[in-house]
Amino acid sequence: MDRYDTRNAAQSVRSLAAACDSSRSGNDTGGRMTETVSTPKQPDNTFGLLIIGAGPAGLAPLLAAARNGLLPHVLSTGVLLVDRAHEPGAGRLGNYIITSDSSADTFLSCVRNSPVPELAVLAETPLAQEVAAYGADCVPLELAGRLMAEVGKAMANLIARSPHGRVAMGTEVDRLDENVDGSWTAQLRDVQTGRTETVKAASILVATGATQEPARLQHLPVGGAPLLPRYENKLIQSDEFLSHDGFARTIAALTAMDSPKVAIVGGSTSAMSCARQILIALEGHTPPVHVTLLHRHPMTIFYPGRDAAHADGYTSFDERDICALSGFVHRFGGFRFESRILARQLLGVGDAPPEPRMSLHQLQEGNDAEARRILDNADLVIACLGYRPAAVPIRDRTGALLPLAAQEEGRPLVNDACEVIAADATPIPGLFGIGLACGYRPPIEMGGERSFSGQVNGLWLWQNDVGLMLIRRLLAYSGNLPPEEAAHAA
Numbered sequence: 001m002d003r004y005d006t007r008n009a010a011q012s013v014r015s016l017a018a019a020c021d022s023s024r025s026g027n028d029t030g031g032r033m034t035e036t037v038s039t040p041k042q043p044d045n046t047f048g049l050l051i052i053g054a055g056p057a058g059l060a061p062l063l064a065a066a067r068n069g070l071l072p073h074v075l076s077t078g079v080l081l082v083d084r085a086h087e088p089g090a091g092r093l094g095n096y097i098i099t100s101d102s103s104a105d106t107f108l109s110c111v112r113n114s115p116v117p118e119l120a121v122l123a124e125t126p127l128a129q130e131v132a133a134y135g136a137d138c139v140p141l142e143l144a145g146r147l148m149a150e151v152g153k154a155m156a157n158l159i160a161r162s163p164h165g166r167v168a169m170g171t172e173v174d175r176l177d178e179n180v181d182g183s184w185t186a187q188l189r190d191v192q193t194g195r196t197e198t199v200k201a202a203s204i205l206v207a208t209g210a211t212q213e214p215a216r217l218q219h220l221p222v223g224g225a226p227l228l229p230r231y232e233n234k235l236i237q238s239d240e241f242l243s244h245d246g247f248a249r250t251i252a253a254l255t256a257m258d259s260p261k262v263a264i265v266g267g268s269t270s271a272m273s274c275a276r277q278i279l280i281a282l283e284g285h286t287p288p289v290h291v292t293l294l295h296r297h298p299m300t301i302f303y304p305g306r307d308a309a310h311a312d313g314y315t316s317f318d319e320r321d322i323c324a325l326s327g328f329v330h331r332f333g334g335f336r337f338e339s340r341i342l343a344r345q346l347l348g349v350g351d352a353p354p355e356p357r358m359s360l361h362q363l364q365e366g367n368d369a370e371a372r373r374i375l376d377n378a379d380l381v382i383a384c385l386g387y388r389p390a391a392v393p394i395r396d397r398t399g400a401l402l403p404l405a406a407q408e409e410g411r412p413l414v415n416d417a418c419e420v421i422a423a424d425a426t427p428i429p430g431l432f433g434i435g436l437a438c439g440y441r442p443p444i445e446m447g448g449e450r451s452f453s454g455q456v457n458g459l460w461l462w463q464n465d466v467g468l469m470l471i472r473r474l475l476a477y478s479g480n481l482p483p484e485e486a487a488h489a490a
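Just so we're aligned, residue 1 is where the sequence shown starts under full-length UniProt numbering, counting upward by one.
What the hints contain is simulated information worked out from the structure, not anything from laboratory work.
Each hint should be verified, as a subset may be incorrect.
[What the hints assert, rightly or not] List time: in silico SDA-like cross-link candidates among lysine to any residue, alpha-carbon distance up to 25 Å:
1) Lys-234 x Pro-221
2) Lys-261 x Asn-377
3) Lys-200 x Asp-181
4) Lys-234 x Leu-385
5) Lys-200 x Thr-426
6) Lys-234 x Asn-367
7) Lys-261 x Glu-338
Sequences and hints are given; from them, build the entire structure.
What follows is the structure, encoded as structure tokens:
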């Protein structure tokens with residue numbers, strides 16, 4: 001992992017404390033827009049930065065700023081934090097039955113030794129100690145969500161107490177309009193009362209999360225044909241399956257079957273998580289369940305270095321699969337944690353015992369008769385075909401809807417500078433994005449294997465390299481970047 005840059009952090013903390021002390025001290029962030037913790041300090045409802053989404057992705061750049069002594073500069077621009085949820089921080093983490101694909105240490109790294117006292121104290125709470133017990137291992141998402149809720153509350157309080165800050169929970173952003181001066185106008189709506197208001201911001205950070213729209217499955221080919229409507233009576237998407245209610249309902253149905261057959265479509269961590277949860281839940285089921293994973297690309301496994309890979313008998317990599325900065329094998333594309341354990345079993349790597357209840361099928365281009373046979377014979381089909389960004393309607397300065405690259409299947413929402421890009425791939429000034437389904441692909445200077453062509457959704461990168469890069473760009477855009485940081489933002 002890259003080390004944090006904490007230069008000038010002490011001076012920045014003093015500036016932050018002074019800014020907070022000079023403003024009012026309200027700290028209740030649970031209210032809706034009609035009961036927000038802080039009313040706008042400027043009468044014209046103008047802010048330097050509007051952050052849409054107060055989940056882990058939306059908070060990540062602020063946490064990167066805090067770690068690097070830049071939070072006072074960010075707050076001085078006037079930050080408006082908006083989310084339709086009534087509590088900041090956790091997003092939807094608590095909705096899922098699975099463990100994280102980031103380590104417990106990663107979740108805690110945003111507060112451990114933080115130069116911001118209000119964040120640093122969170123590393124010593126009983127909840128933090130419970131998370132810390134997992135160390136370098138993954139952590140249940142429900143527990144991680146509780147920690148991020150505490151972090152979110154602390155960060156929301158810092159924003160609300162700053163001279164020009166505001167937090168509006170229980171609030172939806174209905175549309176964004178580009179102004180002729182390059183700023184943005186946002187229409188906000190209280191999700192409970194329906195009351196609307198308009199605010200203006202110099203720049204926007206979109207962290208609205210992602211969705212799995214069923215309509216996509218009517219067009220995406222799998223084995224030569226789409227999954228819907230052919231399998232609509234036995235299909236569930238991974239997001240619903242991995243939720244508490246969806247999992248309980250589906251496992252109950254499988255338990256009642258003789259020799260249930262499950263087909264999982266996709267080669268992501270979510271796909272492996274679905275498989276693992278089924279194998280655990282139906283362990284001992286007689287006759288046994290059988291799970292088939294249908295994947296497009298070869299499965300790869302993460303290793304901390306080539307020597308570790310060779311020692312485990314893993315040789316499915318070359319120089320293009322090794323990160324030049326860290327030496328990691330398949331740093332971005334390889335399975336980690338619990339998914340890695342199952343991948344080793346399925347690929348017969350090292351001393352991993354085989355898993356007879358599960359098999360792999362690599363999808364062929366065009367018509368794949370074997371894939372169709374597997375899907376036809378399955379009692380349950382789980383679609384793990386990724387997410388699409390949750391949309392916010394955006395209009396240009398003429399009032400016309402602005403087409404985005406992400407509205408086309410397979411194209412990203414952002415470029416490698418986290419700038420939201422239009423359909424013609426040009427960046428939209430003052431509009432940035434981060435989070436799940438943004439399609440972010442880091443530049444080579446951030447490391448990773450050259451062979452990797454997917455998107456990166458790692459929390460550690462969001463809270464560190466990507467988040468810091470984004471904060472520097474946001475500050476540069478608003479003219480508030482400290483001179484000593486200018487070279488990094490170029």
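Hints versus structure:
Taking the CA atoms of Lys-234 and Pro-221, the gap is about 17 Å. The hint holds against a cut of 25 Å. A threshold of 25 Å between alpha carbons decides the hint, and for Lys-261 with Asn-377 the separation of about 7 Å falls inside it, so the pair holds. Taken as a hint, the Lys-200 and Asp-181 pair is honoured in the structure, with Cα atoms around 11 Å apart against an allowance of 25 Å. Between Lys-234 and Leu-385, the direct Cα distance comes to roughly 16 Å. Compliance with the 25 Å bound is thereby established for this hinted pair.
Taking the CA atoms of Lys-200 and Thr-426, the gap is about 23 Å. The hint holds against a cut of 25 Å. A C-alpha spacing of about 21 Å is found between Lys-234 and Asn-367, which places the hinted pair at or below 25 Å, so the restraint holds. Restraint check for Lys-261 and Glu-338: satisfied, since their Cα atoms lie roughly 22 Å apart, inside the 25 Å limit.
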